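Spelled out from the first residue to the last, the chains are:
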Amino acid sequence: MGKVTVLREIAPTARIAPDAKIGPYCVVGPHVTIGPRTTLVRRVFVTGHTSIGSGNLIREGCVLGTVPQDLKYAGHPTALIIGHRNYFGRDVTAHIGTELGGYVTHIGNENVFMDGCHIAHDCYVDDRAHLGFNVMLAGHIRIHTGVVIEDLVGVHHFVTIGRHARVGPRTPVRRDVPPYTNFASEDYGWSPPAVRGVHEEGIRSARLSGEEERDLRQALADLFDDESALQTKIEQMVNMGVEGEVAALCEFCQRSLRGTFGRHRETYRGKPPPEAAQFPLTEQWLDPRRRFP
Amino acid sequence: MPEISSYAVVERGAELADDVRIGPFSFIGPKVHLGAGCVIDNNVSITGRTTLAAKNHVFPMTVVGAPPPDSTGQGQCVIAQANDIREHVTIYAGVERPTRIGSDNLIMIGCQIGPGATIGSHGIFANCTHVGPCAHVEDYVRTSAFPVVDSGVRVGAYTFVAGYTGIDQDAPPYAMVQGLPFRVRGVNTNNLHRCGFGEDDISALKRAFRELYNGSGARPNPAALERLRINPNLNPHVRRLVEAIRSAKPAKGGGDG
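Chains A and B are the protein sequences, given in the same order. Under our numbering, the first residue of the first sequence carries the number 1, and numbering increases by one thereafter. Under our numbering, the first residue of the second sequence carries the number 294, and numbering increases by one thereafter.
If you're looking for bench data, these hints aren't it; they were derived computationally from the structure. Errors might be hidden in some of the hints.
[Stated by the list, open to error] Taking beta-carbon pairs under 10 angstroms as the criterion, some of the chain A residues facing chain B (in silico):
id, residue
1, Leu7
2, Tyr25
3, Phe45
4, Gly61
5, Cys62
6, Val63
7, Val67
8, Gln69
9, His84
10, Arg85
11, Gly132
12, Asn134
13, Gly154
14, Arg170
15, Arg174
All values reported here derive from a predicted model rather than from experimental measurement. Cβ coordinates follow ideal geometry from the N, Cα and C atoms, glycine included.
So here's chain A without its partners, still in its complex pose:
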């Protein structure tokens, strides 16, 4: 087998680990970092101040680190930070952050993004999330660990999706999804999407102890079998004393109820969210003349 010249364009200042694989027709911009054992299969475009960790598989047609689809974005260099061992299916797009949203879009570890997913500016995706085909995340969204989102879901901006929750297929998510719940709409979206039961798979993968699981199931049933008077029920529960996962669930719901339209993160509109403090971007980091040894 003769060696074929690989047509690709990699900026000379891009920092790429020696055992990263970059396939043909890829374009890598000047401020990009690509970690070891990461594979860009073919026709992948990475630009912006994008840092990709190790062991990621990025398939054909992905576009990572382009400018946000936000009219308020003023062109400041902002970052997209991707962790380790993620899978990006075909045509996945992820954008860099905006100035008003804390400068960073962050994707954690071991996430799966199926074909056509979009991760917009200032999203924070934690670990082991599974996003189905064509899931569209709007800006400023927080996806917690172990979330499962089925195909064709659109998520409104500033929404939080709690740990190990599931969102059913073709569901418009306009408010926060509490952890461990199954959030779905029925009859083609005529009924408003709502919490419909427990995400069994999520509870299993969280590996709770027997007692914790029983308490959590009880709390979920108490709160969401009938969602009326949620605030009162949570207050009663907190007054009775809660701990562990149930306390986290109560706090999540209370924060959501306090936010605008049931979205806690609306309180961070126009200012950086607390997660942004984990990723301080110094002027040096963003310097366009940044060079690496």
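Starting from the known structure of chain A, fit chain B onto it as the hints suggest.
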């Protein structure tokens, strides 16, 4: 001289303005005209008889002027200036009549504009907006993700189309529409405020919408429509709304829309 990557393919016959930038692995067909200040990123295909006026930015993996799937002929696509056409967008070229796109639109990721469609100016089309063949979307229309505009229907100016909405017949201007099939859910006051409408215009439109769509929002009340039509001193925007509703084509599907 245009700044063309050495990996880009620009066919002989393409007309490029002086300061056009074309990224690597892009293809510019032989009958394409690119205006001044156009930025074509990498892996973009621009084919057919396609004209992009000044200052358009086409993002990676986008196809502009794609031949529609049911035709062998070469279509035409006319795009005015200063549009942002984001990643993975497909704009089909119209064979019988050209696909036309106005100026200052933001067409977000994964949108599809069908052959022969007409798009106005200053629109914002969120991800995966599907505009059918020969549909007409007027100025200042904004959409949420995943709406479908059926072939040949008209979406009125300043209207907001909510996520997952199916526009299966002509949608009125100034409205917020939602559902499948869609219902009119009220006046798009946010957009009207942004576009500099006066309070009296907005309150007149609100009154008119309340009269017209006091039921399910499926179809306007004919008595109210007639009352507004014969009113001699009607607000010009309400007049436009009434005319748009009166000239709307009946639904094609025969469903309950």
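For each hint, the structure was consulted:
1. The beta carbon of leucine 7 (chain A) comes within 6 angstroms of a beta carbon in chain B, closer than 10 angstroms, and the hint placing it at the interface holds.
2. A least Cβ separation of about 5 angstroms between tyrosine 25 (chain A) and chain B falls short of the 10 angstroms threshold, and the interface hint therefore holds.
3. This hint holds: phenylalanine 45 (chain A) has a C-beta 5 angstroms from the nearest C-beta of chain B, less than the 10 angstroms allowed.
4. Interface hint status for glycine 61 (chain A): upheld, as the beta-carbon distance to the closest one in chain B is roughly 5 angstroms, under 10 angstroms.
5. Given the 10 angstroms rule on beta carbons, the hint for cysteine 62 (chain A) holds: about 9 angstroms separates it from the nearest Cβ of chain B.
6. For the restraint placing valine 63 (chain A) at the interface with chain B, the shortest Cβ-Cβ distance is roughly 5 angstroms, inside the 10 angstroms limit, so the hint holds.
7. For valine 67 (chain A), the interface hint holds, the least distance from its beta-carbon to any beta-carbon of chain B being 9 angstroms, beneath 10 angstroms.
8. With a least beta-carbon distance of about 5 angstroms to chain B, the hint placing glutamine 69 (chain A) at the interface is held under the 10 angstroms criterion.
9. Because the beta carbon of histidine 84 (chain A) sits about 24 angstroms from the nearest beta carbon in chain B, more than 10 angstroms, this interface hint is broken.
10. With its C-beta approaching chain B no nearer than about 24 angstroms, arginine 85 (chain A) sits outside the 10 angstroms limit, and its interface hint is violated.
11. The criterion of a C-beta within 10 angstroms of any C-beta in chain B is not met by glycine 132 (chain A), whose closest approach is roughly 14 angstroms, and the hint is violated.
12. A distance limit of 10 angstroms between C-beta atoms decides the matter here; for asparagine 134 (chain A) the minimum to chain B is near 7 angstroms, and the interface restraint holds.
13. Interface hint at glycine 154 (chain A): satisfied, since its Cβ lies 4 angstroms from the closest Cβ of chain B, which is below the 10 angstroms cut-off.
14. Using the Cβ-Cβ criterion of 10 angstroms, the hint placing arginine 170 (chain A) at the interface with chain B is satisfied: the shortest such distance is roughly 7 angstroms.
15. Against a cut-off of 10 angstroms between C-beta atoms, the interface hint on arginine 174 (chain A) holds, since the closest Cβ of chain B lies about 9 angstroms away.
Figure legend: structure checked against the earlier numbered hints; hints not met, in rising order: 9, 10, 11.
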